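S.K.: Take a look at the letters that make up each chain.
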Amino acid sequence: MRIYVLRQLVLLIITLFLLTIFAFCLSYWFPGDPVTNSSGIFSDDTMRYADAASSRGFDGNILVQYWHYLAHLFRGDWGISLLDSDPVFEQLQLRFGATLEIAVLAMLIALVPGVALGVLSALNFRKPIDHTILSMSLSGYSIPVFWFAQIAILLVAVRWGMLPIAGQINPLFNIEAVTGSILLDIFINQPENMGLAFRSAIRHITLPVLVLSVMPMMLLIRLTRSSMLDVLDKNYITSAYAKGLSTRRVISSHAIPNAMQNVIRELGSLLSLLITNTMIIEVIFSWPGIGSWLIRSIYERDYPVIQGGLLLIAALILCVHVALNLIHAWRYPQVRKDLHATS
Amino acid sequence: MPRPNLYYEERTPSPLERVWLEFNRNPLARAALYIIIFILILCIFGPWLTPYGPNEQILDAISLPPAWSDDGNIRFLLGTDELGRDMVTRIIYGARYTFGYPFLVVLASAAIGISLGAIAAMTVGVKSSTLKHLLDVLMSIPSLLLALIIIAITGPGLSNALLAIGLVLIPQFLHVTRNAIHDERQKPYVTASRLNGVSDMYLLSMVFFPNIVKVLVIQLTIGLSIAILDIAALGFLRLGAQSPTPEWGSMLAQSLEVAYITPWVMALPGIALFLTLVSVNLVGETLRIAIQKQLER
Amino acid sequence: MNRLIKGISAGLAILGISACSPGPETEQSLNGLLYCAEGNPESFNPQLVTSGTTLDMTSAQLYDRLLEFDAESQAFLGALATSWEISNDGLRYRFQLRENVQFHTTPWFQPTRFMNADDIVFSFERWLKSEHPFHHVSGRGYPFFRASGLTQLIQSVTAINDHEVEIKIRQQDSSFLANLASDFAIVLSAEYGEQLLASGTAELIDTQPIGTGPFQFSQFRKDVMVRYIRHSGYWREPSASAQLVFRIAQSDHKRMLMLLTQDCDISPYPPARDIQWLRDKPEITLQDTISPNTAFWAFNTERPPFDDPLVRQALAHAVNRNAILNTVYFDHAVRADSILPNTSWAHHGTPSAYRYDPERARELLAEAGYPNGFSMQIWALPVQRAYNPNARLMAERIQADLNAIGVQAGIVSYEWSTFRRRLADGEHDSVLIGWSADHADPDNFFRPLLSCAAKRSGNNRAQWCDPMFDELLSAAISSNDQDVRKAYYEQAQDHLAREVPLLPIAHSVRFQAARQNIQGLELEPFGGIQLRNVSRQQPAVEEQ
Numbered sequence: 001m002r003i004y005v006l007r008q009l010v011l012l013i014i015t016l017f018l019l020t021i022f023a024f025c026l027s028y029w030f031p032g033d034p035v036t037n038s039s040g041i042f043s044d045d046t047m048r049y050a051d052a053a054s055s056r057g058f059d060g061n062i063l064v065q066y067w068h069y070l071a072h073l074f075r076g077d078w079g080i081s082l083l084d085s086d087p088v089f090e091q092l093q094l095r096f097g098a099t100l101e102i103a104v105l106a107m108l109i110a111l112v113p114g115v116a117l118g119v120l121s122a123l124n125f126r127k128p129i130d131h132t133i134l135s136m137s138l139s140g141y142s143i144p145v146f147w148f149a150q151i152a153i154l155l156v157a158v159r160w161g162m163l164p165i166a167g168q169i170n171p172l173f174n175i176e177a178v179t180g181s182i183l184l185d186i187f188i189n190q191p192e193n194m195g196l197a198f199r200s201a202i203r204h205i206t207l208p209v210l211v212l213s214v215m216p217m218m219l220l221i222r223l224t225r226s227s228m229l230d231v232l233d234k235n236y237i238t239s240a241y242a243k244g245l246s247t248r249r250v251i252s253s254h255a256i257p258n259a260m261q262n263v264i265r266e267l268g269s270l271l272s273l274l275i276t277n278t279m280i281i282e283v284i285f286s287w288p289g290i291g292s293w294l295i296r297s298i299y300e301r302d303y304p305v306i307q308g309g310l311l312l313i314a315a316l317i318l319c320v321h322v323a324l325n326l327i328h329a330w331r332y333p334q335v336r337k338d339l340h341a342t343s
Numbered sequence: 001m002p003r004p005n006l007y008y009e010e011r012t013p014s015p016l017e018r019v020w021l022e023f024n025r026n027p028l029a030r031a032a033l034y035i036i037i038f039i040l041i042l043c044i045f046g047p048w049l050t051p052y053g054p055n056e057q058i059l060d061a062i063s064l065p066p067a068w069s070d071d072g073n074i075r076f077l078l079g080t081d082e083l084g085r086d087m088v089t090r091i092i093y094g095a096r097y098t099f100g101y102p103f104l105v106v107l108a109s110a111a112i113g114i115s116l117g118a119i120a121a122m123t124v125g126v127k128s129s130t131l132k133h134l135l136d137v138l139m140s141i142p143s144l145l146l147a148l149i150i151i152a153i154t155g156p157g158l159s160n161a162l163l164a165i166g167l168v169l170i171p172q173f174l175h176v177t178r179n180a181i182h183d184e185r186q187k188p189y190v191t192a193s194r195l196n197g198v199s200d201m202y203l204l205s206m207v208f209f210p211n212i213v214k215v216l217v218i219q220l221t222i223g224l225s226i227a228i229l230d231i232a233a234l235g236f237l238r239l240g241a242q243s244p245t246p247e248w249g250s251m252l253a254q255s256l257e258v259a260y261i262t263p264w265v266m267a268l269p270g271i272a273l274f275l276t277l278v279s280v281n282l283v284g285e286t287l288r289i290a291i292q293k294q295l296e297r
Numbered sequence: 001m002n003r004l005i006k007g008i009s010a011g012l013a014i015l016g017i018s019a020c021s022p023g024p025e026t027e028q029s030l031n032g033l034l035y036c037a038e039g040n041p042e043s044f045n046p047q048l049v050t051s052g053t054t055l056d057m058t059s060a061q062l063y064d065r066l067l068e069f070d071a072e073s074q075a076f077l078g079a080l081a082t083s084w085e086i087s088n089d090g091l092r093y094r095f096q097l098r099e100n101v102q103f104h105t106t107p108w109f110q111p112t113r114f115m116n117a118d119d120i121v122f123s124f125e126r127w128l129k130s131e132h133p134f135h136h137v138s139g140r141g142y143p144f145f146r147a148s149g150l151t152q153l154i155q156s157v158t159a160i161n162d163h164e165v166e167i168k169i170r171q172q173d174s175s176f177l178a179n180l181a182s183d184f185a186i187v188l189s190a191e192y193g194e195q196l197l198a199s200g201t202a203e204l205i206d207t208q209p210i211g212t213g214p215f216q217f218s219q220f221r222k223d224v225m226v227r228y229i230r231h232s233g234y235w236r237e238p239s240a241s242a243q244l245v246f247r248i249a250q251s252d253h254k255r256m257l258m259l260l261t262q263d264c265d266i267s268p269y270p271p272a273r274d275i276q277w278l279r280d281k282p283e284i285t286l287q288d289t290i291s292p293n294t295a296f297w298a299f300n301t302e303r304p305p306f307d308d309p310l311v312r313q314a315l316a317h318a319v320n321r322n323a324i325l326n327t328v329y330f331d332h333a334v335r336a337d338s339i340l341p342n343t344s345w346a347h348h349g350t351p352s353a354y355r356y357d358p359e360r361a362r363e364l365l366a367e368a369g370y371p372n373g374f375s376m377q378i379w380a381l382p383v384q385r386a387y388n389p390n391a392r393l394m395a396e397r398i399q400a401d402l403n404a405i406g407v408q409a410g411i412v413s414y415e416w417s418t419f420r421r422r423l424a425d426g427e428h429d430s431v432l433i434g435w436s437a438d439h440a441d442p443d444n445f446f447r448p449l450l451s452c453a454a455k456r457s458g459n460n461r462a463q464w465c466d467p468m469f470d471e472l473l474s475a476a477i478s479s480n481d482q483d484v485r486k487a488y489y490e491q492a493q494d495h496l497a498r499e500v501p502l503l504p505i506a507h508s509v510r511f512q513a514a515r516q517n518i519q520g521l522e523l524e525p526f527g528g529i530q531l532r533n534v535s536r537q538q539p540a541v542e543e544q
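Protein chains in written order, with the UniProt record's numbering: chain H, 1 to 343; chain D, 1 to 297; chain U, 1 to 544.
It is possible that part of the hints are untrue.
[As the list claims (entries may be wrong)] No farther apart than 25 Å at their CA atoms in a straight line, the calculated lysine to any residue pairs in the SDA-like style are these:
#1 K132/D x F22/H
#2 K214/D x S252/H
#3 K127/H x K132/D
#4 K234/H x R222/H
#5 K293/D x I237/H
[As the list claims (entries may be wrong)] Selected chain D positions facing chain H (Cβ under 10 Å, derived; list incomplete):
#6 L33
#7 I36
#8 L40
#9 M139
#10 S140
#11 L148
#12 T221
#13 S225
#14 L229
#15 D230
#16 P263
#17 L275
#18 L282
[Unchecked claim] Sample of chain U residues with no beta-carbon within 12 Å of chain H, all distances over it, derived:
#19 N88
#20 Q110
#21 V224
#22 A242
#23 P351
#24 G373
#25 S474
No wet-lab data here; the hints were simulated from the structure.
Owing to the predicted nature of the structure, the values given are computational and were not obtained by experimental measurement.
The C-beta atom is built at its ideal place from N, Cα and C for all residues, glycine as well.
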């Protein structure tokens, strides 16, 4: 196990390193001046521009520049936004919390019904229930999330007037952003009308999170179903029945835990999907997260922001992947051997 | 014409026939297949089927509802948008942008990805294992994010979006091809061919290829589904097709302004996109089931 | 695993209960006002800007001016000045200042004295004199003051005593008081300026503002909101709401939906297409006013082929403006036949110069040497303003019209502040934008928009500088006789009809939508919006 963990961590460090090289190169690939692209300082601000150029090693060769880039990166100096001179790193910190908040909540909400419906479907293989669940999941999986979100807004918020549609909380609550995640921030701020503030925050978060959770849920149904079908064919299930265990017992303590093994391995692909959709949902619901900022900065060609946002999202995905691998290996010792063997 | 069946014999249908049988068994899947064929026809012959131009603004017919409602007009079957453009026409033209172009792009990147994958699979050793790790990393990053980066470099626009999606899909095909060949290379029939002393080229095209084509077809449908969704999403974010191009995603983005007054302008491109995606996914799924059954035999 | 599932389902249950629990809309009882703004403020100092978005959010809320223009009585009323005298030659203005006017007390500044003449001198000299310590701070220039000629006009601003200020001007100017009453001529705190200079953080004067207005600055989160709180020591009645929050939502349909879902209380500039629909909604009140404004299409006269008047005339004839009125304004506007609105006494329309005539347009293009047309860009204003509810849609209509005379047009748009920066740099071919009057004087439609001074300050969207036109304007301004001025303005408008630096498109009705429980809201024809008397009616539910 230790070797496996080590291997994964080394791999992670190498890929993160490659990622920084890529992000570094971006400031050359973007149109315009690399100094401006990486620091966010325009060349007509002569003094600060010269400062930025020398502190980023632009008088040296490319390796020196890369070294300085890394130094700035670790110092938390990710440049400033070309659009409004906000420091990128600080803004990303705030927005990261907001993004993580809806992504994690959506994942949690997707998990329970997704797995439950998947199991149900597998147990009723080729029966009407199975067909219903399967076609529901296929169509749910095919709905473009941006269209679905708009329909949800029009129906739930506008027609029925049940929920608000923009932002994290009613801004009349003066909640200072500390982590970016609104529920945590309320807790940290401890405003006098905290119950009311929580209620407002939850009302705001409900619609984006529910819309966001649909696609992972549908994917989970399919994953769980096929993995359950595999497991149910296995000899140990037959033997468990043969031992005289009740169906309930067989399913809950033999079939599901083993089926989860595959599901956990596939969670990574689910994550990619989730992150993509989170970006779109943030734009639609004016959620102040990384995704909406990244997309806007692409439109406005705000290169320091693009670089920073990209680095952060990609690093997040890579880290979660490695974490999933490790959890997988830790929960299911039998896979470690497979992974050790080189192909 | 019934064949005289004198002896009991089990006729094994050919792989293609079996796929067809699978489609036949499932009416929904068959419908999906027909929808895709229909959309393909629209892509090719669209301009000859439509009554108006895609950007033709008919000033006396602004925001008309579909023909079956009370205020509708039979000249505009699905109504018009806020500039008096015929929705039927725009949806049909949109098929080209949202289905046709991504389809071509997927074919192109499949061609590139598969050949690169084959080369990678035939060369063993350090190069190949580094490649595997790199690919794993690349695959773990969402396609839309990669496309966004490429668009950040090249600037927004439909052609840039298509290029970005094409580039993003190549590694996926590469990965699948390489893994498929890897799985096959230990099998006895390959060893037999090797022992016969065939060239690498022959090995690839005559031995491997027929056996991995199923996997590739499935990957093709997956790629197509991703490409369609991403092109539409980029259009929606106004980073792909720019208005007034009748691409379904950008039509959706524009329709938001009037969605609460003239909902059909928003509903139609969404339904078109949804139907296309369901069909592609369903066809892919059915293919997968058919092929799995063949493997189980 | 089981425990995890239980935990999650418990969490879900709580979420479900609290999200749907019935009861009175308690959020509605918070004392505050939500105003949906259409963009980020560029600065918190209106001296530095011309965008109406920023003016609405700053000028009347954070600051006060010497005097104000009352549209109803068509007269100037005192604000920070209680009275004023004009010398007989019309060159010296003496203002008596109001006493006991407090500046905002905030965590970053505690005033030790009331507003006095030093503050007036400090504020005016900031844009007047380049040796003023704050003149170059923020580095944006003072576009309104340069474009309207105030920087040239004013000779000196002097404090006679603590409560008396004298302004000397170089020549008679009939629009001088109107300019002083505009949203730009606000009063800053000189004491705050000293404090900032001492701490070496001069630029904070525009980002952590201090004024005398009804609200004081509290927080700004880019793209999310601006928060103001009540200024308890305000010299008039304290504001009716304890908090004022501007939520920033760029797209008009988003703001509409937010108004319907109670995410905001007031939404300025509702889209024209929704007016009829909004009127039918009982929970929304809709106000309208004839506001002097003009939407126009300006050509960058420094870029070929737009440096050729023939090309500009051709483009003007190519556009079907009646169709635009119909599709973009839904007939809540009238066609503009001059840059000056038809409500002004100096209005002189020249419909023939701008009539829709694609044949004539093609001839003119051929005459100018472009028989096969050319390709160009139309920059479309990214936000909604009173004069133009949907520039993008308008651009698409014009695109189709231009196509008919063989001109290929692409549509360009950026985020509002980027858009303005690039416009000021003259990067555009042509732009769809417009102007809302700051005050009732006709000069407000000429000098800030089309004079050479406006070009230097980056406010002349046509990049057009014509000495003859400037002469007509100065001749008009130096007279106090309305008939004489009218004659000059007629000549000026005829000149514009020949040169066509811009194509006037429409004068539109200004709308404002609010939730039905908002009281005290008025819509002024001129200038920014006044929010100090506005509050939300408390819901009449019994608290238990």
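S.K.: All the hints need checking, so say for each whether the structure fits it.
M.R.: Evaluated hints:
no.: 1; hint: K132/D x F22/H; verdict: 18 Å, holds
no.: 2; hint: K214/D x S252/H; verdict: 36 Å, violated
no.: 3; hint: K127/H x K132/D; verdict: 41 Å, violated
no.: 4; hint: K234/H x R222/H; verdict: 19 Å, holds
no.: 5; hint: K293/D x I237/H; verdict: 22 Å, holds
no.: 6; hint: L33; verdict: 15 Å, violated
no.: 7; hint: I36; verdict: 13 Å, violated
no.: 8; hint: L40; verdict: 18 Å, violated
no.: 9; hint: M139; verdict: 9 Å, holds
no.: 10; hint: S140; verdict: 5 Å, holds
no.: 11; hint: L148; verdict: 6 Å, holds
no.: 12; hint: T221; verdict: 12 Å, violated
no.: 13; hint: S225; verdict: 8 Å, holds
no.: 14; hint: L229; verdict: 6 Å, holds
no.: 15; hint: D230; verdict: 8 Å, holds
no.: 16; hint: P263; verdict: 7 Å, holds
no.: 17; hint: L275; verdict: 9 Å, holds
no.: 18; hint: L282; verdict: 6 Å, holds
no.: 19; hint: N88; verdict: 48 Å, holds
no.: 20; hint: Q110; verdict: 21 Å, holds
no.: 21; hint: V224; verdict: 5 Å, violated
no.: 22; hint: A242; verdict: 9 Å, violated
no.: 23; hint: P351; verdict: 39 Å, holds
no.: 24; hint: G373; verdict: 29 Å, holds
no.: 25; hint: S474; verdict: 33 Å, holds
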